[in-house]
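Asks: Sequence:
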Amino acid sequence: MDEPISASEDNVIMGDENDREVEVEEREVPKFEIKVNYQAKLIILRGNIRANDRERIFVSRALDKFARLIVQEKMDGVYKELNSKDGKREKAVLLLMASIVRRGSGLASEVAKTFDFKLQGFLKLAEYKKRQKNDKRKKKSTRKAFVGFAMSFLEVGKPGLLRWVLQQKEMYSGVLRGLGSDDDETLIYVLSTLRDRVLIEQSLVPPGLRSVLFGNVTLEQLVGISGRENGADAAELAHNVLVMVCTDPSNGLMPDLNRHPFPLKGNPKRLLGLMKKLKAADIGYHRDLLLAIVKGRPSFGSAYLEEFPYNLEDYASPSWFSTVSLAANLVSSVGVGLHFDFLDSQSDDPPSFGSMNVKNMINCISPPPFSRSVINKGLLHSDFLVKNGTLRLLLEGLKLLDSFFRSLNLSCSRKQKNLHRWASLKQEIQNEIRTLLPDPQVLLTLLSSLGSHARTDEKCLKRKTDEENFAEQGGKKIKKLKTDAVDDEMDIIVAGISAAPDIPLPVEGKPVEEAPEEPDSGKDLINVILQLWCSDMCSEPVITLKDAEIFFHSKLLDALKIYLLTMPTALEGSFDFFMNLLSNPLALPNNLQGSLLSLLVEYIKWSPTSGIATRTPSLMYKQLQTFINLLIFSPTGAIKVQAYNLAWAAMSSTGAFDQNLQEIDAWFFFLPGYTAVRSSFEVQGIEVLQSLSSVVISFLCDAISTIGNNLFKYWDALRNYNHSLKEFKDGSLDFSPFIICILQKCARLLSSESGTFSLPEKSIISVYVCSTLKYLLQTQVDAGLFSALIRSVLSEGIMNHCPSIGDSESFFCEWRPLRNLMLSAESILNKQACCQIFIDQEAIPTVGSLTKTLDEVRNIIERGHGGEIAGISKALFSSIICVTSNELLKNFPSVLITFQRLRVPESFLSSILFLDQSFLAGVLKLWPEVFFSGLEMVISMINSQGTIGDVSAKEIAQHVDFDFSESAKAVSFSLFLRQVPFHVLFPAIMSINAPSLLESSNIKDLLLARLSESASDSVISHLRLILFWFHQIRSSYRIKPLTELEQHAEICYALVKHILAQPLASKLNSPMNVGVPLSANYIGEVAETIFCHPAVMVHKIDHHVLDMLTASFDELFLLSGAHHHSTLEFDGCASKVIVKAFNSLLQRLYMEFRDKFDQCTSTEDPLPLLPSFYALHALIRFISPFELLKLVHWMFAAYDEQCAILYALEIRREKLLMLT
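Numbering (the UniProt record's numbering), first residue to last: 1 to 1220.
Don't read these hints as lab results, they were simulated from the structure.
A quick note: this is a predicted structure, and the numbers were derived from the prediction, not measured.
It cannot be assumed that every hint is accurate.
Stated by the list, open to error - Under the rule of at most 20 Å between Cα atoms (straight-line distance), these lysine-lysine pairs were calculated in the PhoX-like manner:
#1 K605 - K426
#2 K426 - K415
#3 K359 - K426
#4 K1156 - K1190
#5 K279 - K269
#6 K269 - K295
#7 K831 - K1040
#8 K279 - K295
#9 K605 - K622
#10 K124 - K169
#11 K85 - K124
#12 K874 - K852
#13 K359 - K269
#14 K118 - K80
#15 K169 - K118
#16 K546 - K523
#17 K277 - K295
#18 K726 - K831
#19 K713 - K745
#20 K399 - K359
#21 K387 - K546
#22 K80 - K113
#23 K399 - K426
#24 K113 - K65
#25 K622 - K745
#26 K605 - K399
#27 K399 - K295
#28 K113 - K74
#29 K1057 - K1004
#30 K169 - K144
#31 K144 - K85
#32 K387 - K523
#33 K113 - K158
#34 K387 - K377
#35 K622 - K713
#36 K118 - K74
Working from the sequences, and respecting the hints, build out all of it.
Replies: Have a look at this one:
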């Protein structure tokens, strides 16, 4: 290379086609006066080459050989050109070297090992040089070529090469430091290469080496690029790379001390410095990057919020709304994905209050710049928008506090050690937070206007300044907030709010267009509120300013709920204040209803695990009617659940139900219009029931108030009744004195002639009271004392209104339910079986008042009833409630069709069906085709979860014209069966003795589906109901063994087994229940109910009883975790409860066995011994071997004693014979 030789395309001479050899003549190799066409020659074959393309393969190999010749022998010439000071020559040689590198990993590795990256002047090629020309800058062309050469190594992507070449820090520093001055094409090329080749797991580049690439200067360059006004693709790519670099610990900046086996310390200082340089309130990408960094990382959130770079007290600032939104989003982002790992350390001790982790959490919940005074000023500000922004910030802090406390409580429950230290930590945090957060009285002050929200005028939501001032200042605030809006499918759309805003929404990073001089204040306020609350605004539409105020109040209630969760005494004595807000609950919007009820549920400390409230106000029962109205008439399922819990707590506050809390549930089951889970299909027409439901609700609430105000009086009355019933003097009172109270009130009401209540109203109250009491009667473990009490209270009242107790037609309709209740009580007292039902079709009247009423209703419907539906329905209900069961039975299909045509629910009929449990058997007898067709239809509605779905029912109803045809009757009956609850359907089916029906699995499938849909808190009462009927079946079987009774017993066993399997299945299938112990109360009640129920006294035909006992203890034994190491945690006292109940059963069996054994040895008849023997044999694996040995020892001893007595008698007889 003494002298440069002119370069041309002919300097590379290819071999001819015969020998296909390449001959590179050294004399013709140029001395690197390189032209661009050489680079073109070298990169022409960079793409994939087909395996059969021999010519291209040959050329490619020749180029590789040529490139390798340059790398191995001509690098001195390369260095000379790089130092030539001639920009064209420098650029050409850089392009040449980049092309060589790109030819493959082998050549790239050779270049990396051979090239002198420390060459003097080499790094200057990455710089932009300036020359003066009309005071304008002009960039030299070498930087782009330099970037191409540096990045070519990364393009190859070989892991070993990447790790080696990235150690040339100066070269890549030169590339990255100048990105801010590069054009978009270069930016996209560099950043996409880094993203796809280096910042991925497959690159195997260690975190430390990656972090070197992104120093402070480089990060600043990328931040500037991502914030460009017209950055487009380059800005987006810079943002994406920044997010990867700053959030993925593998890239060396974000620490990850939990990574195993090698924790990553990262570089928090560099990250925090970057965060402080972001213009997060003004630029969308900066805000998103900041939120990504603090997401789930309290340490970064705390550090940034502690030095929050914006002023929240400058309410007049046009950037205030975007500032408060940023602050709220930061606090919210800290809580996203946060696992509170520092609470789950290996040690059983909690972290100290002064630990950095706890301090970081407190700083994120209530950062120092957002002091108590700042939040108070914002909440009490006259500007409604400022109130919303401040409340959003406060609420996000409270949500984070709630998450912190929930995790703290969960960790404490898991550790089960040093509980006093965990409690002390929680108390210290509460004390600290109480001084930082606003006093809850401030929030209560803001709620004071909620009662008059309906009268609120839009003026009270506008800014205090006049319209002109709003246009000047408020418009700027709105305009500023909208800089964060996203232009691509991210506009907030809420229930009809137009996606097209009133003020143009800019692309993030672009300058904001000036707002109109006179904006529409109402629409602008709504838009700002929607943007302030982001995704929280989704449950209810916000269209008007009044909607916005309602939404604001609902969020206030949500904030107060978290105050109660985290600081239980903060709102002491505020229950009446909250109840005043529910003075007209059905008039409140759904979101306010839900928030208020949720707050009240938290106020009374309702436990979803135990199903009881631990802090019930003493006079809460006076508010019962409010909760029941919401329970019955609210169309929203979540509100119904909350209302149910509150109504339950209100009734328990009387103190009357302490002996048996399960009794409370029964008083809801038979309320007209009540369903455990309201489906959309059942909601239609519910308002029709309000007139008749209201009188029952009022009666119940009045009775509850009476027992609450006179509790001791009724407890004394109950004890007196108990003493007067001599045969039950030692019986336990497993029911409440409310039984006496409501029976007496019902009898007085029916006897009254004041005219306050109409005949239908009296009748429906009577039906409700008697249905509930009959259900309670059938769900007692031992119903003898309860039955005697009912007979004693009712005997005088009924006898005064009917000359003959056995003649149902002699009773007035309002007294008929009481008569049925009394007969049920007497049958239990007399131990009469009640399973065999026979219907005399000839005794049923053919024409009655109901028939005429139905004809009239049908004529009105066919003529078009218009707005008369409420009056028609009320008249029909009044007629049904007053007729006899026989007349209703004769017209039953027509009644169901009429209900469907009026689109009103049929739940009203449940009480009638339950009172007369032979009613369904009568339907089968009179309408067999309708019954079986309807049953097939409802079975077809059962879905894969084993429940009856709404969708199938809707489809059936929509395709049927309810025209009184046979098919219409069958459909109506299927829809009726779909709505009948389990506690009504099961006794009705147990009263049917049709073999053709019971042989099919349809009946069992239907009952299992209805049982699966039942609420979990009614499981115990359903179990008792099943055992009651099983006991009835056994009694009937002893009188007359029938195949139908055996089939009934089999159904009962299947239902009990299903109930026992439910808690375990739900526990295992719910991830929310992991680590939460099953309730000892639940397990104990199940054990006591089964093991102590009269139904499980063993009889020789009671094969299913033995199966039921073994299955019961199998499931309970598994739940307790005693059989083997179970994955379930279990209350410690639950095992003791189960063992106690089981031991009680065993003692009874031992006594029975000993008695029968003595009888067996004396009579030499083994049959009486067999039932007890079978029972012990079925439970043998659960009985201690020592107990069994003791029993066997007693048997031998008893037998020996008997033999000894017999031997002695025989000797004495022989002696007497000898003497004679």
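Asks: With reference to the structure, classify each hint as holding or not holding.
Replies: For each hint, the structure was consulted:
Note on K605 and K426: the hinted pairing holds, with a Cα-Cα distance of about 18 Å set against a maximum of 20 Å. Of the supplied pair hints, the one linking K426 and K415 holds, its CA atoms being roughly 15 Å apart against a limit of 20 Å. In summary, the hint linking K359 to K426 is supported, as the alpha carbons are separated by about 13 Å, within the 20 Å threshold. For the hint pairing K1156 with K1190, the CA-to-CA distance comes to about 17 Å; that is within 20 Å, so the pair holds.
Pair hint K279 plus K269 holds up; C-alpha atoms about 18 Å apart against a cutoff of 20 Å. With a CA separation close to 17 Å, the supplied pair K269 and K295 stays within the 20 Å bound. Distance hint between K831 and K1040 is fulfilled; the C-alpha atoms sit about 15 Å from each other, no more than 20 Å. For the suggested pair K279 and K295, the alpha carbons sit about 18 Å apart, so the restraint of at most 20 Å is met.
The straight-line distance between the Cα atoms of K605 and K622 is roughly 18 Å, inside the 20 Å bound, and the hint therefore holds. A distance of roughly 14 Å separates the Cα atoms of K124 and K169; the hinted pair therefore holds under the 20 Å criterion. A distance of roughly 11 Å separates the Cα atoms of K85 and K124; the hinted pair therefore holds under the 20 Å criterion. Straight-line distance between C-alpha atoms of K874 and K852 comes to about 15 Å, which keeps the hinted pair within the 20 Å bound.
Pair hint K359 plus K269 holds up; C-alpha atoms about 18 Å apart against a cutoff of 20 Å. Proximity of K118 to K80 is assessed by CA-CA distance (about 14 Å); at most 20 Å being required, the pair is judged to hold. For the proposed pair K169 and K118, the alpha carbon gap of about 11 Å is at most 20 Å, so the pair holds. The suggested pairing of K546 with K523 holds, with an alpha-carbon distance near 12 Å, which does not exceed 20 Å.
Between K277 and K295, the direct Cα distance comes to roughly 18 Å. Compliance with the 20 Å bound is thereby established for this hinted pair. A threshold of 20 Å between alpha carbons decides the hint, and for K726 with K831 the separation of about 18 Å falls inside it, so the pair holds. Of the pairs offered as hints, the one joining K713 and K745 holds, with about 15 Å between alpha carbons and a cut-off of 20 Å not exceeded. Distance hint between K399 and K359 is fulfilled; the C-alpha atoms sit about 17 Å from each other, no more than 20 Å.
For the given pair, K387 sits about 15 Å from K546 by alpha-carbon distance, which is consistent with the 20 Å threshold. Between K80 and K113 the alpha-carbon distance is near 18 Å, which keeps this suggested pair within the 20 Å criterion. Straight-line distance between C-alpha atoms of K399 and K426 comes to about 16 Å, which keeps the hinted pair within the 20 Å bound. With a CA separation close to 17 Å, the supplied pair K113 and K65 stays within the 20 Å bound.
In summary, the hint linking K622 to K745 is supported, as the alpha carbons are separated by about 18 Å, within the 20 Å threshold. Between K605 and K399 the CA atoms are separated by roughly 18 Å; this keeps the pair inside 20 Å, and the hint holds. At most 20 Å may separate the alpha-carbon atoms for a hinted pair to count; K399 and K295 meet this at roughly 15 Å. Only pairs whose Cα atoms come within 20 Å are accepted, and K113 paired with K74 is accepted, the gap being roughly 14 Å.
Restraint check for K1057 and K1004: the C-alpha separation of about 13 Å stays at or below 20 Å, so the hint holds. Straight-line distance between C-alpha atoms of K169 and K144 comes to about 18 Å, which keeps the hinted pair within the 20 Å bound. Distance restraint check for K144 and K85: the Cα-Cα separation of roughly 16 Å lies within the 20 Å cut-off, and the hinted pair is therefore satisfied. With a C-alpha separation of about 18 Å, the suggested pairing of K387 with K523 holds against the 20 Å cut-off.
Proximity of K113 to K158 is assessed by CA-CA distance (about 14 Å); at most 20 Å being required, the pair is judged to hold. Distance hint between K387 and K377 is fulfilled; the C-alpha atoms sit about 9 Å from each other, no more than 20 Å. Of the pairs offered as hints, the one joining K622 and K713 holds, with about 18 Å between alpha carbons and a cut-off of 20 Å not exceeded. A C-alpha spacing of about 18 Å is found between K118 and K74, which places the hinted pair at or below 20 Å, so the restraint holds.
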